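S.K.: Here are the chains, one letter per residue:
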Amino acid sequence: MYNKTITELAQGLRSGEFSSVELTAAFLDRIKQHSGLNAYISVTEDLALQQAKAADARLANGDAELLTGIPIAQKDIFCTEGVKTTCGSLMLDNFIAPYNATVVEKFNHAGAVMLGKLNMDEFAMGSSNETSYYGAVKNPWNTNTVPGGSSGGTAAAVAARLAVCATGTDTGGSIRQPAALCGITGLKPTYGRVSRYGMIAYASSLDQGGPMTRSAEDAAIMLQTMAGFDDKDSTSVDTPVPDYSAGLNNRLDGLKIGLPKEFFGEGLNSEVAATLETAIDEYRKLGATVTEISMPTLKLAIPAYYVIAPAECSANLSRFDGVRFGYRCENPADLSDLYTRSRGEGFGKEVKRRILMGTYALSAGYYDAYYIKAQKIRRLISEDFKKALSEVDVIMGPVTPSTAFGIGEKIGNPIEMYLSDIYTIAINLAGVPAMSIPAGFAQGLPVGLQIIGNYFAEDRLLNIAHQYQQVTDWHQQAPAGF
Amino acid sequence: MSLTADDVKKIAHLARLGIEQHDVAAYAADLSRMLDLMVQMNDVDTGGIEPMAHPMDQVQRLRSDVVTEQDKREKFQAIAPQVEAGLYLVPKVIE
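Residue numbers (this note's numbering), protein chains in the order written: chain G, 1 to 482; chain L, 483 to 577.
Please keep in mind that the hints were generated in silico from the structure rather than gathered at the bench. In this text, all values refer to a predicted model and were calculated from it rather than measured experimentally. Worth double-checking, as some hints may not be accurate.
Cut-off 30 angstroms, straight-line C-alpha distance, at most; resulting in silico cross-link-like pairs (DSS-like, lysine-lysine) [said to hold, decoys possible]: (1) L/Lys-557 - G/Lys-106; (2) G/Lys-410 - L/Lys-492; (3) L/Lys-554 - G/Lys-349; (4) L/Lys-491 - G/Lys-84; (5) G/Lys-106 - G/Lys-4.
Please put together the full structure from these sequences, using the hints given.
M.R.: Okay, here's the thing in structure tokens:
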């Protein structure tokens, strides 16, 4: 039951093979059984069973949608009305969201069942899930290694079959990197495609929610529900949402794939590189042509990102002041002490580091040298993508320089941790969509292949991923013991 | 480029962010290393390039000035650290 796709489960619910209540109860049991992974921050058992009951009623009435009765989970960055929404931080440990994120609202409308809220790096700042106030998440493929981050709880839960599928968010790689390290499928949509309303903001010009699933087929179904214009998100883009499942079976003859030479140079683990070569050969067999391209500005992505993201973070996180909601320190001496200590005690080290960096970059005298300069470089990077994507249909490359690293291995060295996002960050700066799909193993751990497309070409990416998943079975493999 | 302990304290004050004294040196070292990464940006000529804030260069939409939200005062008050008679309480500001 745990290995079935959304479509198969939807059939099972309709044929009477199992009810949504039975399916939900089975997943809840499984979550308890594997609680050692620490994938969930909150398990919403009562709510899930209540939603499952309602879903069974909808199924009986014949007004069910594809996701009705399917047990999913939400990254704990999405506000869920009446349910604790922590963003992985002590700052929000007591925060019961007073409203639903648009994404949550859409899944509720579709009748999906929410099993709970998933662990994540604090305020989505991290690449290993180790910055979470609720502790590190373990990678189900090897529990001594990290699942990646910031959507590490989501990736671990989907890989371990503790939810059929789940949401993630991606500011610099936070969907794709954990998807790669846990051997699942993750899609970061075009900026503006999925509403950010109720998705706790980290870096508003980069943040984007998306699906994390076992297959491209499931990702198409999830994205169908998540995508669309939202009046409540001022950066949402008003562009029609295509049928993401319609083109999955299109053939790939004549597909033009570009491989940026900057992605395959120094720093990429040789076994990962060899695994990716094999995956790209598979695309050649499917009828694609492969050419080397050059994107010289890619190397500027990390410096530009670590100005822009902290700058936006320092502004966004100024709302956490200990007055209206969230953590408040004990016995504040005065208002200034209340602000300073509530924030100092409520935020963890990585969040503080980025607030400091951002505050500095935006401070008088440095704004032009850092923030404006980084935004100009951002345009150069986006022009590089536009140019490349006018010559080829998609860009392919690694998601991560290596497979999952050990818990504790990089947490003491923030800069080294930042550099592990070298292949994912530029995509957020440009705003284009990109996927990570399972492409094999190196040193016994999953390797992800990154597929980058043009603005709003999510349907094409899903088609390209799905065709690969028709001729390979990497995406169907489960970690031992799960 | 390197930041001193005093720089970090000044930035932390601007951000109203409490930093433990024994962490100041580590933050100064980390921020200095981040700034070293950023030096690469100076090698690029960005003359005449417009800064990019939104990938689609979309501007903020305007909407009609009408009420769209419901009153959720009870819910908002319920999650506040300290409230009294419908007000949010903070330490005394004016003596």
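S.K.: For every hint, state whether the structure bears it out.
M.R.: To see whether the hints hold, each was checked on the structure:
The suggested pairing of L/Lys-557 with G/Lys-106 holds, with an alpha-carbon distance near 22 angstroms, which does not exceed 30 angstroms. A C-alpha spacing of about 28 angstroms is found between G/Lys-410 and L/Lys-492, which places the hinted pair at or below 30 angstroms, so the restraint holds. Among the hinted pairs, L/Lys-554 with G/Lys-349 is inconsistent with the structure: their alpha-carbon atoms are about 33 angstroms apart, more than 30 angstroms. Between L/Lys-491 and G/Lys-84, the direct Cα distance comes to roughly 33 angstroms. Violation of the 30 angstroms bound is thereby established for this hinted pair.
For the suggested pair G/Lys-106 and G/Lys-4, the alpha carbons sit about 23 angstroms apart, so the restraint of at most 30 angstroms is met.
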